[in-house]
Amino acid sequence: MTRGFLVLSAAGLMAASCCAPEARSEARTVKVAVAASLTEAFTALAKEYETEHPGVRIRPTFAASSALAQQVNDAAPLDVFASADEESMSKVTVAGNALDPKVFARNRLAILVGKGNPKAITSLADLAGPGVVFLLCAPEAPCGRFGAAALEKAKVKARPASLEENVKGVVSKVALGEADAGIVYATDVKAAAGRAEGVDIDIDGDPALTAVYPIALTRQADDVEAASGWVDFVLSERGQQTLSRFGFLPP
Amino acid sequence: MEAEVDVRLGDLHLSVDLRVGNDETVAVLGPNGAGKTTLLRALAGLNPLDRGTVVLDGETLEDTTTGAHVPSERRRIGVVFQDHVLFPHLSVLENVAFGPRCRGARRSVARRQAGAWLERVGLSDRAGARAGELSGGQAQRVALARALACEPRLLLLDEPLAALDATTRPAIRRDLRRRLDAYGGMRVVVTHDPLEAMALADRLLVLEAGRVVQSGTRQELISRPRSPYVADLVGVNLFRGQARQTRVRVEGLDLVVPDAGHGEVLVVVHPRSVALHRSRPDGTPRNVWRGRVEVVDPEGERSRVRVTGPLTVVAEVTAAAVNDLELAPGGPVWVAVKATDVQVYEA
Amino acid sequence: MSRRGAPLAALAFGALGVSFMALPLAGLVWRTPWSAVLDELRDPVVTTALRLSLVCSLGAALVAVMLGVPLAWVLARVDFPGRRLVRAVALVPLVLPPVVGGVALLLAFGRRGLVGQWLDQWLGVRLPYTTPGAILAEAFVAMPFLVITAEAAFRNLDRRYEDAARTLGAGGFTVFRRVTLPLTLPSLVVGAVLAWARALGEFGATITFAGNTPNRTTTIPLEVYLQLEAGRLDGAIVLSLVLLVVSVGVLVGLRDRWLGQQ
Chain A
65 MTRGFLVLSA
75 AGLMAASCCA
85 PEARSEARTV
95 KVAVAASLTE
105 AFTALAKEYE
115 TEHPGVRIRP
125 TFAASSALAQ
135 QVNDAAPLDV
145 FASADEESMS
155 KVTVAGNALD
165 PKVFARNRLA
175 ILVGKGNPKA
185 ITSLADLAGP
195 GVVFLLCAPE
205 APCGRFGAAA
215 LEKAKVKARP
225 ASLEENVKGV
235 VSKVALGEAD
245 AGIVYATDVK
255 AAAGRAEGVD
265 IDIDGDPALT
275 AVYPIALTRQ
285 ADDVEAASGW
295 VDFVLSERGQ
305 QTLSRFGFLP
315 P
Chain B
210 MEAEVDVRLG
220 DLHLSVDLRV
230 GNDETVAVLG
240 PNGAGKTTLL
250 RALAGLNPLD
260 RGTVVLDGET
270 LEDTTTGAHV
280 PSERRRIGVV
290 FQDHVLFPHL
300 SVLENVAFGP
310 RCRGARRSVA
320 RRQAGAWLER
330 VGLSDRAGAR
340 AGELSGGQAQ
350 RVALARALAC
360 EPRLLLLDEP
370 LAALDATTRP
380 AIRRDLRRRL
390 DAYGGMRVVV
400 THDPLEAMAL
410 ADRLLVLEAG
420 RVVQSGTRQE
430 LISRPRSPYV
440 ADLVGVNLFR
450 GQARQTRVRV
460 EGLDLVVPDA
470 GHGEVLVVVH
480 PRSVALHRSR
490 PDGTPRNVWR
500 GRVEVVDPEG
510 ERSRVRVTGP
520 LTVVAEVTAA
530 AVNDLELAPG
540 GPVWVAVKAT
550 DVQVYEA
Chain C
-11 MSRRGAPLAA
-1 LAFGALGVSF
9 MALPLAGLVW
19 RTPWSAVLDE
29 LRDPVVTTAL
39 RLSLVCSLGA
49 ALVAVMLGVP
59 LAWVLARVDF
69 PGRRLVRAVA
79 LVPLVLPPVV
89 GGVALLLAFG
99 RRGLVGQWLD
109 QWLGVRLPYT
119 TPGAILAEAF
129 VAMPFLVITA
139 EAAFRNLDRR
149 YEDAARTLGA
159 GGFTVFRRVT
169 LPLTLPSLVV
179 GAVLAWARAL
189 GEFGATITFA
199 GNTPNRTTTI
209 PLEVYLQLEA
219 GRLDGAIVLS
229 LVLLVVSVGV
239 LVGLRDRWLG
249 QQ
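Residue numbers (my numbering), protein chains in the order written: chain A, 65 to 315; chain B, 210 to 556; chain C, -11 to 250.
In isolation and in its complexed conformation, chain A is listed as follows:
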């Protein structure tokens, strides 16, 4: 019984190792770690790229930039890292796990409010109003750091009801009505159209309050050709057009 089991597992291992290269030769796969705020934009980009390059498949993983940086540093099988802040990217580059990051987009902060803006929120100062429940990202996530900085700059003392673990959590809860407002990116407002509304924050132009999105190949990337083809596409005219359609600003 035990021996039979060993033989079986050995056969399984051999089968797995023999067939792996074959599988890759069929379709080249680029595994991309993508910041949560890029979810909709990168899904669209991947589809466009795959239509133009039938031999290549883009496999995105969406999560908070900080979590992804951790995964890349832990040698997860990820070929490209698209971060929502330079800090997460620098954790990876400092550790030598990614090379030559390039900024491909920028993003503004915005206030997301419920449909019809029931609490009549027009500025950051309104978040401190009586009975207003508002959410911020956790300080570990870039949207949390930018949001806190924006509140400080606007001299708003109000405390958020919760520090959500990533920006999409803020969006969901505002859309559900569990919060009156949340500080998110302009792109999230666009993505949530129909479920929630956006209010612009009048701190445009301040580079300290603008999210910067860098992209880079990781050291793990084994099909460098396919991976850099994808990075070049994101930086190209076509890629930029798609990104701006989702509300991103050019680099």
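Honestly, the hints are just simulated from the structure, not real lab data.
Mixed in with the good hints there might be a few duds.
Pair by pair, the computed Cβ-Cβ distance ranges are [stated by the list, open to error]:
{"no.": "1", "chain 1": "B", "residue 1": "A372", "chain 2": "C", "residue 2": "V62", "range": "28 to 34 Å"}
{"no.": "2", "chain 1": "B", "residue 1": "H401", "chain 2": "C", "residue 2": "N144", "range": "37 to 43 Å"}
{"no.": "3", "chain 1": "C", "residue 1": "L107", "chain 2": "B", "residue 2": "R339", "range": "47 to 53 Å"}
{"no.": "4", "chain 1": "C", "residue 1": "P174", "chain 2": "A", "residue 2": "G180", "range": "20 to 26 Å"}
{"no.": "5", "chain 1": "C", "residue 1": "R147", "chain 2": "B", "residue 2": "R449", "range": "38 to 44 Å"}
{"no.": "6", "chain 1": "C", "residue 1": "A10", "chain 2": "A", "residue 2": "Q304", "range": "29 to 35 Å"}
{"no.": "7", "chain 1": "C", "residue 1": "F1", "chain 2": "A", "residue 2": "L299", "range": "52 to 58 Å"}
{"no.": "8", "chain 1": "C", "residue 1": "L169", "chain 2": "B", "residue 2": "T274", "range": "52 to 58 Å"}
{"no.": "9", "chain 1": "A", "residue 1": "R123", "chain 2": "C", "residue 2": "R147", "range": "46 to 52 Å"}
The structure presented is a predicted model; accordingly, all values stated were derived computationally and were not measured.
Glycine included, each C-beta is placed from N, C-alpha and C at the ideal position.
Add chains B and C to chain A, keeping to what the hints say.
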């Protein structure tokens, strides 16, 4: 107490009329699964009746025609459960005080009453013990004291001696009989042991498959068993046959009997009246047939010998006779029964 | 061979099982930055999270006992149509991903939820982003552990103890208080401890329903996750170790007193 109990529970259909007079003990005797415990539980209000009434001292406790139902806790009926079911988390004293407490007595009063009851059953020195630390006989007395501390009008005992080992059982049985007589209320004892039933009760009620097959005094049961189960219980040979004048056709044999009769009859032959011989006995008109020894059960000075043949009977002979006749399983033997030793009564 | 082989095989697989459970813990201890432990423990973020974790898990265990014991009793003792369905519903959190549980709680007890909107309108009670909300989320996930243990305890109890109490004059509640409860107490304590342990480690339902609000809902599991997200591996490990020491300590302590009797 007068009760008409009709309960369906799984395969069992229990249908029993039961009357118990003041200061009387009735034993309900029957094999496992006959419905004895179900009957007790129905009387105590723990199993609802499908049909029937329970009336105690003129008070209707249950009547399915009117829907009346007094819950167990308000019936003045005490129960001594099989295996005693003492509360393991309470001391002996607290077990006995449980009833008085539930019936509204203050803690100190209840404990004093419980102490008095323990003294009456001779267990004052075990008041602080846990139920698990008692011997079987002690636990039985505590269970009795616990039930009696509520001063019930009717006391129900379910196999009160079953949990005891054989050596202590006779003494405890005598002791229980004394205590039951001292308690003046009505008593119902459920048991599968005929000896226990006859030792404890004035009147017996035999239950088989939910029905009363016979009721009466000890004497009535012994002399005129009405079912093989009862005959087996009292240790006699019982047959059912067709009478024609002074002959009764039983299985493959015509028995000669003392009195003329007709139709379906029950025939009782006491094992002591069955004689065994090595060769065919001669003499007066007798019932004689050839059989084969099936089993020999020594019981003290005497042995019970089961003989198969046209009619299977049990004979009771002395140990000496077993030797003289060289009785051994499988051996041939002649069976003889005097006509005057055959009792016949209507079925 | 087979006679002596069976216990040996059992021992071998048992050892394998223990290693499987113990090795990850050993990994945690191995990577612990011992020199930094004291500093981390003095960090108010850590002490607050620890205090919140204890408050919320004990509160959740209490809620589970108050609601779960009567429910378990009904499931064990009352024969009603749909009992199997009710039992299945009560045990659903065992298989439901906790995050889904959190979303479901939002839809029921959130500000716009099925019940939550009335709580908000009539009583001014809002559960999300509050400590009671965190307790509720943890209780939701932990209660099945109590219900399953308590129901088995009630079922296994010889009903004749309760019958005996009734014939001695005890009404329904007295029977429960003086007989059923004391006789099933060891199992109920085990169930409560299991529920407490589950609540202590609860993450998904809590962060989804109660959010991540420092001082109010940021329990240790949330803090561990956030520290990992931020790349502060040392902090996360020390926090995990604190949780591990507290829970193993309680489980070992209780085992001798309660589980050991089983």
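Each hint, compared with the structure:
no.: 1; hint: B/A372 / C/V62: 28 to 34 Å; result: holds, 33 Å
no.: 2; hint: B/H401 / C/N144: 37 to 43 Å; result: violated, 27 Å
no.: 3; hint: C/L107 / B/R339: 47 to 53 Å; result: holds, 49 Å
no.: 4; hint: C/P174 / A/G180: 20 to 26 Å; result: violated, 57 Å
no.: 5; hint: C/R147 / B/R449: 38 to 44 Å; result: holds, 41 Å
no.: 6; hint: C/A10 / A/Q304: 29 to 35 Å; result: violated, 53 Å
no.: 7; hint: C/F1 / A/L299: 52 to 58 Å; result: holds, 55 Å
no.: 8; hint: C/L169 / B/T274: 52 to 58 Å; result: violated, 38 Å
no.: 9; hint: A/R123 / C/R147: 46 to 52 Å; result: violated, 59 Å
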